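Asker: Each chain, letter by letter, is given below.
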Amino acid sequence: MVVYLYDGSFEGMLTCVYEGYYLKEDVQGIFNTYQYEANLFQEARFIVTDLEKSHKVGLAIVEKLSETFFHKIVNAFFSDDYDVATHIYKLLRFGFKNGPEVIMNITHPYVAPVVDLANSVGRETHLFVGLVRFVKLKGGIYYCEFAPTYNQVPLLAEHFSHRLHDQVWVIHDVKRNLAVFYDKDQWYVNEFYGLNDYELDDEELLYQSLWKTFHKHIAIQERINPNLQRSFMPKKYWKYLLEMN
Amino acid sequence: MELVEKLKILAESAKYDVSCSSSGSDRKKKKGMTGNTSLPGVCHSWAADGRCISLLKVLYTNDCIYDCAYCVNRRSADFQRVEFTPRELVDITMNFYRRNYIEGLFISSAIKHSPEYTMERMIQVVKILRLEERYNGYIHMKAIPGVDQRLLDEAGLYVDRMSINLELPTEKSLKLLAPQKSQKKMLLPMGYLKDKLIENKKEVKIYRHAKPFMPAGQTTQLMIGATQDTDFSIIKLSEAMYNKISMKRVYYSGYVPIVQNNSLLPSVVKHPKLREHRLYQADWLLRFYGFQADEILSKEFPSLDLEVDPKCNWALKHIEFFPIEVNKASIEELLRVPGIGNITARRILQSRRFGPVTYLDLKKMGVVLKRAKYFLTCQGKYYGEIDIDSDKIRNRMLFIDPVAKKIHVDQVNMFEQYPTLFGGG
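As given, the protein sequences belong to chains A and B, one line each in that order.
FYI, in the working numbering the residues of the first sequence are 1 to 245.
FYI, in the working numbering the residues of the second sequence are 1 to 425.
A few of these clues could be false.
With a straight-line cut-off of 20 Å between C-alpha atoms, the simulated EDC-like cross-links for lysine to aspartate or glutamate are [unchecked claim]: (1) K29(B) x D116(A); (2) K364(B) x D185(A); (3) K138(A) x D91(B); (4) K31(B) x E203(A); (5) K127(B) x E154(B); (6) K30(B) x D185(A).
Simulated from the structure, these hints should not be mistaken for lab results.
All values reported here derive from a predicted model rather than from experimental measurement.
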């Protein structure tokens with residue numbers, strides 16, 4: 001009984017998949033080493049991340065399986081679920097053996113866990129494409145704090161590097177101490193513990209109050225329905241939503 | 001006057017316009033420009049009434065020469081009239097957009113001085129946005145009926161979507177409540193825009209530099225409950241809009257009794273939320289489920305059933321088609337089953353390639369079994385627990401199943417303010 005541990009990165013997980021194939025071992029599970037709870041009956045082995053190996057696996061997924069397959073796996077991975085890497089490993093073995101269309105067999109026990117996680121993460125990503133709120137700081141940097149359920153920082157980067165490609169911005173996940181930085185050209189993800197000291201742009205408070213005013217007065221009084229509002233925009237996200245404070 | 005105050009007034013005047021979707025346009029980022037558009041649209045917030053906020057929805061001015069009985073901004077109403085300057089509106093839009101508050105601008109207006117005057121002002125705003133601020137995001141403009149075609153041509157080059165509100169389904173109702181408007185005056189520009197869109201589609205294919213004209217098409221809005229018009233006449237009209245003018249969406253707006261003491265208007269006590277909701281359900285059947293308006297309602301039964309949704313209603317009336325075997329049915333047949341939607345139907349078809357679908361699988365795939373179980377068999381077995389009989393099923397749905405009962409008593413709006421999720425636009 002052997003389990004592999006990886007350093008928490010996507011590349012690390014793919015390296016484990018590579019080793020599982022290469023060493024022909026009966027791998028029982030792959031876990032994030034920071035989450036893993038040791039188990040008497042399992043031999044745990046840490047696999048050092050190797051970018052070349054992980055790249056090979058990534059390429060194999062896209063070429064031999066499909067892009068949809070790859071996207072599902074990426075999305076599921078960022079759920080930070082305890083078992084997600086194990087699920088992905090099983091699905092990949094199943095997929096490489098049976099072909100790319102297995103991803104459509106959504107009730108299959110190897111496919112369902114990954115697809116379900118991927119869908120949950122994708123739903124939240126879409127929500128945050130709308131719910132991210134930037135604050136303009138002195139010096140012109142747009143800064144956003146939020147606390148998503150899943151690890152959304154790497155997934156949102158792509159969208160905002162297109163949408164707001166002509167401004168400098170930072171999206172900071174307060175829960176995971178992770179942030180993506182964009183400098184009008186490229187984005188990169190890094191550990192980040194927040195700004196100690198910053199000043200707001202001179203006009204920032206004006207636009208904040210304009211937005212709050214707009215948000216308040218666009219509602220039709222005769223059909224106020226807080227339950228409906230909450231079902232679309234769950235309360236757990238309100239803390240970092242300007243208009244709800 | 002302070003900007004905050006102005007925005008407050010002009011947002012309040014605009015809020016009865018339902019349309020707020022930002023879908024239908026797929027424009028990539030461009031060098032030197034700000035923003036892009038997203039094909040399925042994005043909701044950025046939800047207001048206290050549960051409606052999504054996607055666009056900055058405001059009037060350019062609320063100063064109106066018309067006197068439509070149902071409208072907050074009618075000439076005879078006594079309240080403050082304000083007007084944005086183009087610069088103010090542009091600054092708000094750009095700053096909101098850069099902070100990711102909004103997906104774009106929805107600009108509408110009351111008619112000040114003349115339709116031409118108003119339309120020119122609105123075009124000025126979008127031109128500054130596009131040409132000076134190099135704004136590449138979404139813009140929805142409300143066109144003013146009765147303006148010169150030249151203005152429609154010009155506006156179409158800068159906006160993603162244009163809409164003209166039909167407001168009332170019949171000429172008679174219009175005469176009664178909005179004597180200065182006529183249906184012909186509104187249908188004319190709609191037809192014109194449709195022709196322009198077709199023409200432009202061809203041009204874009206042939207010429208590399210042809211500019212896209214209103215890539216997200218046009219929509220319209222109907223008001224519900226202010227007149228005696230039946231649901232049947234409303235969905236017939238919507239069907240014609242979809243088929244003949246290739247309208248992207250028809251919105252339904254339950255009439256809010258904003259105007260008191262007018263003998264022309266009904267003294268509505270309650271907002272017709274449920275009726276509005278049922279109309280949206282019927283609308284979805286027309287657009288995504290392959291239904292015809294005549295299948296949903298008829299001259300003899302011109303009103304939608306408020307207790308059960310239109311699809312259930314159809315199924316109960318045509319109980320002879322059921323039960324359907326999920327492992328054999330075609331997609332068209334599956335779409336007729338209450339509780340099975342487009343995504344679920346496709347999932348069932350996909351899943352069948354790998355083996356028979358079991359009853360347990362159905363739930364995982366998203367079938368709403370509390371409605372669907374009466375109308376299908378799975379691997380030959382019927383799970384409805386009662387006879388396949390319209391009255392029995394209906395009674396069971398309404399009175400025995402507590403969840404269904406609750407839904408039918410106080411169900412409110414789920415779909416109409418969230419077009420993007422359901423693939424609308």
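Asker: Please name the hints from earlier in the document that this structure breaks, with their numbers sorted from lowest to highest.
Answerer: 1, 2 and 4
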